[in-house]
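Q: Counting from 1, one number per residue, gives the positions in the sequence shown under this note's numbering.
By construction, these hints were calculated from the structure, which means they are not laboratory data.
Given the structure is predicted, the values throughout are model-derived calculations rather than measurements.
You may find that some hints are simply not true.
Claimed, not checked - Quick list of in silico lysine to aspartate or glutamate cross-link-like pairs, EDC-like style, CA-CA up to 20 Å:
#1 Lys94 / Asp10
#2 Lys29 / Glu98
#3 Lys5 / Glu79
#4 Lys144 / Asp92
#5 Lys209 / Glu141
#6 Lys208 / Glu166
#7 Lys5 / Glu27
#8 Lys121 / Glu98
#9 Lys209 / Glu195
#10 Lys208 / Glu145
#11 Lys58 / Asp10
#12 Lys67 / Asp92
#13 Lys4 / Glu17
#14 Lys5 / Glu195
#15 Lys4 / Glu79
#16 Lys30 / Glu85
#17 Lys204 / Glu135
#18 Lys29 / Asp10
#19 Lys204 / Glu145
#20 Lys204 / Glu114
#21 Lys206 / Asp92
#22 Lys67 / Glu143
#23 Lys154 / Glu169
#24 Lys29 / Glu8
#25 Lys94 / Glu8
#26 Lys206 / Glu114
#27 Lys162 / Asp10
#28 Lys121 / Glu70
#29 Lys29 / Glu59
#30 Lys154 / Asp92
#31 Lys67 / Glu137
#32 Lys94 / Asp63
#33 Lys58 / Glu79
#34 Lys58 / Glu135
#35 Lys206 / Glu166
#36 Lys4 / Glu27
#37 Lys67 / Asp35
#38 Lys5 / Asp63
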Amino acid sequence: MTVKKMYEMDTYLFESEAVVTALGEEEGKKFFQLDQSIFYPQGGGQPSDTGTIHFDAKEASVDFVAKDGEEIRHYFSGEPPAIGEVVELVVDQKNRLENANSHSAGHLLASIVEGSFSTMKAVKGYHFPNGSYIEFEGQLEVEKEEAIALVNQKLCQAISSKWPVEISEMGGVRQIAMGPFPSVACGGTHVANLEQIGRVVVTKVKRKKGRIRFSY
């Protein structure tokens with residue numbers, strides 16, 4: 001059975017219910033699987049959600065979430081629920097929104113850089129809090145300082161525009177579109193409009209292993 005990925009439908013769904021479908025252990029770490037989940041599993045350059053589950057007057061902490069084929073493993077600490085038990089899911093709201101903001105900021109940065117420099121193509125995103133960046137292939141056509149100033153100006157303008165972030169599906173692939181920028185395939189959580197990202201600033205541009213990295 002394939003788990004229903006509720007986090008793909010609504011970034012702002014922080015609580016829900018689900019049925020436990022499996023229990024397991026890997027390298028001493030316990031996990032459970034569900035018929036549906038609001039917990040985002042780590043991947044696509046984005047950290048996993050964390051939170052808690054509640055059942056039968058008990059609570060367990062969800063410490064890490066990972067994909068396992070078409071299933072999702074929720075690694076936890078505390079007492080295990082029973083297979084077939086209905087549990088209440090609670091996502092850490094602060095962590096979820098920080099991750100969504102950072103992921104949306106990364107996509108916006110990629111779109112702006114690709115639109116500003118004709119040969120640049122985003123090939124990797126890292127949206128973790130300890131040093132977010134986007135890596136590009138191509139040639140930077142101006143000096144690094146000029147590129148930083150130009151991109152930061154366009155980031156500020158785009159965020160001030162309050163353009164919506166829209167989710168759709170094309171050929172079975174989830175797509176994210178930000179205002180006038182081209183849609184891109186993405187399975188991560190995102191803000192509803194660009195204003196919610198808040199302030200984003202490119203802090204450094206450097207060449208690394210033949211690629212150009214914009215840190216933000």
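Q: So, for every hint listed, does it hold in this structure?
A: Evaluation of the provided hints:
1. Lys94 / Asp10: holds (15 Å)
2. Lys29 / Glu98: Violated, at about 26 Å.
3. Lys5 / Glu79: This hinted pair is violated, its Cα atoms lying about 24 Å apart.
4. Lys144 / Asp92: Measuring from Cα to Cα gives roughly 38 Å; hence the hint is violated.
5. Lys209 / Glu141: holds (18 Å)
6. Lys208 / Glu166: Violated. Lys208 to Glu166 sits at ~32 Å, over the 20 Å cutoff.
7. Lys5 / Glu27: Roughly 26 Å between the alpha carbons, so the hint for Lys5 and Glu27 is violated.
8. Lys121 / Glu98: Cα-Cα ~25 Å, so violated.
9. Lys209 / Glu195: At roughly 34 Å apart (the allowed maximum being 20 Å), Glu195 and Lys209 break the hint.
10. Lys208 / Glu145: Judged against 20 Å, a Cα distance of about 17 Å means the pair holds.
11. Lys58 / Asp10: Cα-Cα ~27 Å, so violated.
12. Lys67 / Asp92: Holds, at about 19 Å.
13. Lys4 / Glu17: Distance ~12 Å between Lys4 and Glu17 Cα, so the pair holds.
14. Lys5 / Glu195: Given pair Lys5, Glu195 is violated - Cα atoms ~26 Å apart, limit 20 Å.
15. Lys4 / Glu79: Not satisfied, since the Cα-Cα distance of roughly 24 Å exceeds 20 Å.
16. Lys30 / Glu85: holds (17 Å)
17. Lys204 / Glu135: Status holds; Cα separation ~12 Å.
18. Lys29 / Asp10: The given pair, whose Cα atoms are some 29 Å apart, is violated under the 20 Å limit.
19. Lys204 / Glu145: holds (9 Å)
20. Lys204 / Glu114: Given that 20 Å is the threshold and the Cα spacing comes to 17 Å, the pair holds.
21. Lys206 / Asp92: Since the Cα atoms of Lys206 and Asp92 sit roughly 34 Å apart, the hinted pair is violated (cutoff 20 Å).
22. Lys67 / Glu143: violated (41 Å)
23. Lys154 / Glu169: Judged against 20 Å, a Cα distance of about 28 Å means the pair is violated.
24. Lys29 / Glu8: Outside the cut-off at roughly 26 Å; violated.
25. Lys94 / Glu8: holds (18 Å)
26. Lys206 / Glu114: holds (16 Å)
27. Lys162 / Asp10: At roughly 19 Å apart (the allowed maximum being 20 Å), Asp10 and Lys162 satisfy the hint.
28. Lys121 / Glu70: Outside the cut-off at roughly 29 Å; violated.
29. Lys29 / Glu59: With a Cα-Cα distance of about 17 Å, the restraint between Lys29 and Glu59 holds, given a limit of 20 Å.
30. Lys154 / Asp92: Measuring from Cα to Cα gives roughly 31 Å; hence the hint is violated.
31. Lys67 / Glu137: Measuring from Cα to Cα gives roughly 28 Å; hence the hint is violated.
32. Lys94 / Asp63: holds (15 Å)
33. Lys58 / Glu79: Holds. Lys58 to Glu79 sits at ~8 Å (cutoff 20 Å).
34. Lys58 / Glu135: The hint is violated at about 44 Å.
35. Lys206 / Glu166: With Cα atoms ~31 Å apart, Lys206 and Glu166 exceed 20 Å; violated.
36. Lys4 / Glu27: Since the Cα atoms of Lys4 and Glu27 sit roughly 26 Å apart, the hinted pair is violated (cutoff 20 Å).
37. Lys67 / Asp35: holds (14 Å)
38. Lys5 / Asp63: holds (18 Å)
Going down the numbered hints, you'll see the structure goes against 2, 3, 4, 6, 7, 8, 9, 11, 14, 15, 18, 21, 22, 23, 24, 28, 30, 31, 34, 35 and 36, while the others check out.
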